[in-house]
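Based on the hints, put chain B with the ligand in the right spot on chain A.
The listed protein sequences correspond, in order, to chains A and B.
Its first residue numbered 1, the first sequence is counted upward by one per residue in my numbering.
Its first residue numbered 1, the second sequence is counted upward by one per residue in my numbering.
Keep in mind that the hints are not guaranteed to be accurate.
Within a straight-line C-alpha distance of at most 20 Å, the following computed EDC-like cross-link-like pairs (lysine to aspartate or glutamate) qualify [said to hold, decoys possible]:
1) B:397 with B:625
2) B:26 with A:47
3) A:76 with B:75
4) A:131 with B:366
5) B:423 with B:366
6) A:131 with B:75
Some residues of chain A that are not near chain B, with every Cβ distance over 12 Å (derived) [unchecked claim]:
7) 71
8) 107
9) 119
10) 146
11) 200
Simulated restraints on C-beta separations [stated by the list, open to error]:
12) B:495 with A:97: 44 to 54 Å
13) A:97 with B:165: 51 to 61 Å
14) A:62 with B:103: 30 to 40 Å
15) A:133 with B:517: 49 to 59 Å
Read the hints as simulated data drawn from the structure, not as lab findings.
All values reported here derive from a predicted model rather than from experimental measurement.
We put the CB at the ideal spot given by N, CA and C, even for glycine.
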Amino acid sequence: MSENENATPEADETPPAVEATAATCCGASTPDESDCSGKPRRNFVVEALAATIGAVVGIVPAVIGGLFFLDPLVRKGDQKDEPIVGGNEPGGVVKDALGFIRLTLGIDALPEDGTPVRYTVRDDIVNVWNKFPNQPIGSVWLRRIQDQVLAFNTVCPHLGCAVDHRPSEGDFYCPCHTSAFDMDGKPLNVIPPRAMDTLEAEVREGRIWLKYQEFRGATSEKVPV
Amino acid sequence: MIRSLLAWLDHRTGCNDLIHEALYEKVPGGARWRYVWGSTLVFTFVLQMITGIFLWTAYSPSAQTAWESVYYIQEVMFLGKIVRGMHHFAAQAMIVLLAIHLIQVIIDGAYKAPREINFWLGLVLLKIILGLSLTGYLLPWDQKGYYATQVSTKIMGATPVIGAQLQEVVQGGAQYNHHTLTRFFAMHAGILPGLLIGFLALHLYVFRRHGLTVHQPKKNPDTTFWPDQVLKDGVACLGVLAVVLLFAIFKGAELSPPADAAKAYAAARPEWYFLFLFRFLKFEAVEHLGLAFGAIYVPGALMGILFMMPLTAKLKAGHRFNVAFTWLVTFGIVVLTTMAFYEDANNEDHQAAIAEAERDAHRIKELASLPSMIPVEGAVSLLREDPFTRGPVLFAKYCASCHRYNGHNGRGNVLREKGDNGKPVISTPEATDLANFGSRDWMKAIIVDYRNHFAPLKNAQWYPGADDAEFNLEDSEMAGASEEYAEAFKAPENAGDLNALVEALVAMRSWKGDEGKIDAALAKRGQQILDGEPLADGSEIQSCTDCHDTIGSDFEFTGEGGGYPDLAEYGSAKWLKAFISDPGSDQFYGAKNHMPAYADKMNAKDLDLLVRYMTGDYHETHVEDYPSRITEVFGATPPPVAAEPAAE
Ligand code: FES
Numbered sequence: 001m002s003e004n005e006n007a008t009p010e011a012d013e014t015p016p017a018v019e020a021t022a023a024t025c026c027g028a029s030t031p032d033e034s035d036c037s038g039k040p041r042r043n044f045v046v047e048a049l050a051a052t053i054g055a056v057v058g059i060v061p062a063v064i065g066g067l068f069f070l071d072p073l074v075r076k077g078d079q080k081d082e083p084i085v086g087g088n089e090p091g092g093v094v095k096d097a098l099g100f101i102r103l104t105l106g107i108d109a110l111p112e113d114g115t116p117v118r119y120t121v122r123d124d125i126v127n128v129w130n131k132f133p134n135q136p137i138g139s140v141w142l143r144r145i146q147d148q149v150l151a152f153n154t155v156c157p158h159l160g161c162a163v164d165h166r167p168s169e170g171d172f173y174c175p176c177h178t179s180a181f182d183m184d185g186k187p188l189n190v191i192p193p194r195a196m197d198t199l200e201a202e203v204r205e206g207r208i209w210l211k212y213q214e215f216r217g218a219t220s221e222k223v224p225v
Numbered sequence: 001m002i003r004s005l006l007a008w009l010d011h012r013t014g015c016n017d018l019i020h021e022a023l024y025e026k027v028p029g030g031a032r033w034r035y036v037w038g039s040t041l042v043f044t045f046v047l048q049m050i051t052g053i054f055l056w057t058a059y060s061p062s063a064q065t066a067w068e069s070v071y072y073i074q075e076v077m078f079l080g081k082i083v084r085g086m087h088h089f090a091a092q093a094m095i096v097l098l099a100i101h102l103i104q105v106i107i108d109g110a111y112k113a114p115r116e117i118n119f120w121l122g123l124v125l126l127k128i129i130l131g132l133s134l135t136g137y138l139l140p141w142d143q144k145g146y147y148a149t150q151v152s153t154k155i156m157g158a159t160p161v162i163g164a165q166l167q168e169v170v171q172g173g174a175q176y177n178h179h180t181l182t183r184f185f186a187m188h189a190g191i192l193p194g195l196l197i198g199f200l201a202l203h204l205y206v207f208r209r210h211g212l213t214v215h216q217p218k219k220n221p222d223t224t225f226w227p228d229q230v231l232k233d234g235v236a237c238l239g240v241l242a243v244v245l246l247f248a249i250f251k252g253a254e255l256s257p258p259a260d261a262a263k264a265y266a267a268a269r270p271e272w273y274f275l276f277l278f279r280f281l282k283f284e285a286v287e288h289l290g291l292a293f294g295a296i297y298v299p300g301a302l303m304g305i306l307f308m309m310p311l312t313a314k315l316k317a318g319h320r321f322n323v324a325f326t327w328l329v330t331f332g333i334v335v336l337t338t339m340a341f342y343e344d345a346n347n348e349d350h351q352a353a354i355a356e357a358e359r360d361a362h363r364i365k366e367l368a369s370l371p372s373m374i375p376v377e378g379a380v381s382l383l384r385e386d387p388f389t390r391g392p393v394l395f396a397k398y399c400a401s402c403h404r405y406n407g408h409n410g411r412g413n414v415l416r417e418k419g420d421n422g423k424p425v426i427s428t429p430e431a432t433d434l435a436n437f438g439s440r441d442w443m444k445a446i447i448v449d450y451r452n453h454f455a456p457l458k459n460a461q462w463y464p465g466a467d468d469a470e471f472n473l474e475d476s477e478m479a480g481a482s483e484e485y486a487e488a489f490k491a492p493e494n495a496g497d498l499n500a501l502v503e504a505l506v507a508m509r510s511w512k513g514d515e516g517k518i519d520a521a522l523a524k525r526g527q528q529i530l531d532g533e534p535l536a537d538g539s540e541i542q543s544c545t546d547c548h549d550t551i552g553s554d555f556e557f558t559g560e561g562g563g564y565p566d567l568a569e570y571g572s573a574k575w576l577k578a579f580i581s582d583p584g585s586d587q588f589y590g591a592k593n594h595m596p597a598y599a600d601k602m603n604a605k606d607l608d609l610l611v612r613y614m615t616g617d618y619h620e621t622h623v624e625d626y627p628s629r630i631t632e633v634f635g636a637t638p639p640p641v642a643a644e645p646a647a648e
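This is chain A alone, in the form it adopts within the complex (with noise of 0.2 Å):
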């Protein structure tokens, strides 16, 4: 084999041609009709198999990857994000299969002439492997109307901020762009795109469960984000 490295010109990369075709038996442009075993036809299946091959070998684990990388969209819906329902966890949130959370307090806790009680909704996190159980996930505003519960996400509807409730004035009354609500949470100025966000609450033997949920800001739809 030593002349056949002899023959290789010690040279850069630039002009490959020549070399290639020193070092080769085939012609350059016409490999497959001037085979220099004098076979050219046989050499197609086997150019279909190897070719069939290298491909099969380069895309299967390059496939298993990708579908491995598109993991949160196979498992969506999968187990993961379904609340957890019954309340067995030490530390953690009681919470049922609806979404609805149980809040530490009972109905009787709210003064009973509606004045609104500010109210900070916890739940367990997910983080992929990880929970983080009982996290302060946002506030919310409880009134009591009888015996049933009227709550309020504090959430600004307008850009975000969050609503504080004016005693001296009875309003809800946001301090970024001076949005004002009634205690019903309606807009008593034109600034908020639209109501207060009310959230789902029930009252299940004197607690309170809710649903908590956030809204897309300054639209006039509610859209739960």
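What follows is chain B with the ligand alone, placed relative to chain A:
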């Protein structure tokens, strides 16, 4: 259209010539299967790149997230088991292919002039690949990888002069920490693959320059790389891929329990391809000469001879020496590896350690898949807080010097001591087997078979006590009562009454294994017997409450008693905890006691875990417990108490 596009591209890049050169490399003597090994190595490396990059998208290198992310990849993510399995087994395939490639190069003389440089480039690639294996082994941060890599970094630390500094730099500190993982990961996924690509390019370039080392040039007409040799290479790569996939699907990459610096891993072994070195280091003579000798100088010398081969070949009979040397080393590696496997398979302690690791590995997967998921402190905290995992370890540490658990020490080991002829014999238990403490069978045995149940006490040093106050099974009051009970319950009519009595006693305490399984009607009948009603055949027996007068009330640990052990809520966690804390208290055995008080010997948390283990108070498990060794240890007729799993 496509043709003109390609022409355009070629005009600007010259790619046609490159492709042409790559494909129409001359293969003198025709395509051969023996030329495929290099190509399969390149393919395997590409496979590692593909699977590795995808694993990278889900891997998180830190001490609290590495194991957790790998667990998530393996157990939860779509195809994660396959992707990790492919990466794991392709890495091993690479080592095998590398060995074949190297041996073939040597026996074919392909390392000789003018290919010296390429041979050396190949040796550099070998080193890089070994480095990739070594760094990759640690990344899952499981017990196996953690403790095996500890050995490697310790070897690094044994390097003369700069050892300590080298080790600290590689580890990112004096001990393993977050930075050990980030550093190993950067090496594994960045630096080493980068070097590998560079050296591989050089290797291929030089290879092309010299062409194949032709085995029998005149055997067949010459051909070109494409398509004949490509087809053979492709088939070989397909074979490698198939084997890797089969292993990934049917065997799967192992994930041992999360790394725990506080829990030594007795089953630690390097990957199988490093086992020969591990075994070599275990020779006493080698151990005497120090770690640096066995792990650095000897392998260094072998590598040196390998490195010198192209020069040696110039000497007379040099090539023959090289070939002989290669076979000799290969033979040595095979022998040492076989020895290591054989010895491990016959080493009971090692097998027990493996059994424990597998038990923990299954258990942690159960715990991690609970709705509470993995806490931020990492999965290892789940095992540390788990009675089913910690209980056996604590039992072995604190109880197994006298008691046994299904015949073993709690962790699956049969305890042995030196026998009269110097050979190890099974050590005799000096107290009762506690595997089914508190169960119905246990209660039954105490009532009707007391003397036998506590018979192992006779093996104890203190038995029989010289002091009258001490305990002696022959004149124990309860042993006598038990004989009477056995007699009374022997009548066929009374068969149900013993069960009823036990049911009533079990119903009085909370014991997780029993919850919800109490037969209320049976317990009611048992209560009647406790209240003094005659048995079914009309015979009268002494009620348990005649002496143990607190039965039926809530247990409270006061340390005071009236000469009979307090059996309120007997077998409950509350009772057991108090008993283990101070069995010699007047509330329990008083002066008759011979068991040490553990109140000061165990911390509260360990005591709690042990008691919860023994009373079956832990998350339900499907993990198989250690096999029973009762008959081996207690003889062919085991104690009358049939083994019953602590919790079902
Ligand atoms: S955000 Fe509340 S008024 Fe603008």
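Okay, the hints, checked on the actual structure:
1. B:397 with B:625: Cα-Cα ~18 Å, so holds.
2. B:26 with A:47: holds, 16 Å
3. A:76 with B:75: holds, 16 Å
4. A:131 with B:366: Given pair residue 131 of chain A, residue 366 of chain B holds - Cα atoms ~16 Å apart, limit 20 Å.
5. B:423 with B:366: violated, 41 Å
6. A:131 with B:75: holds, 17 Å
7. 71: violated, 5 Å
8. 107: holds, 29 Å
9. 119: Residue 119 of chain A clear of chain B: closest Cβ-Cβ about 25 Å, beyond 12 Å.
10. 146: Given that every Cβ of chain B is farther than 12 Å from that of residue 146 of chain A, nearest at about 36 Å, it holds.
11. 200: holds, 24 Å
12. B:495 with A:97: 44 to 54 Å: holds, 48 Å
13. A:97 with B:165: 51 to 61 Å: Holds - the Cβ-Cβ distance for residue 97 of chain A and residue 165 of chain B, about 59 Å, lies within 51 to 61 Å.
14. A:62 with B:103: 30 to 40 Å: For residue 103 of chain B against residue 62 of chain A, whose Cβ atoms are near 31 Å apart, the range 30 to 40 Å holds.
15. A:133 with B:517: 49 to 59 Å: violated, 31 Å
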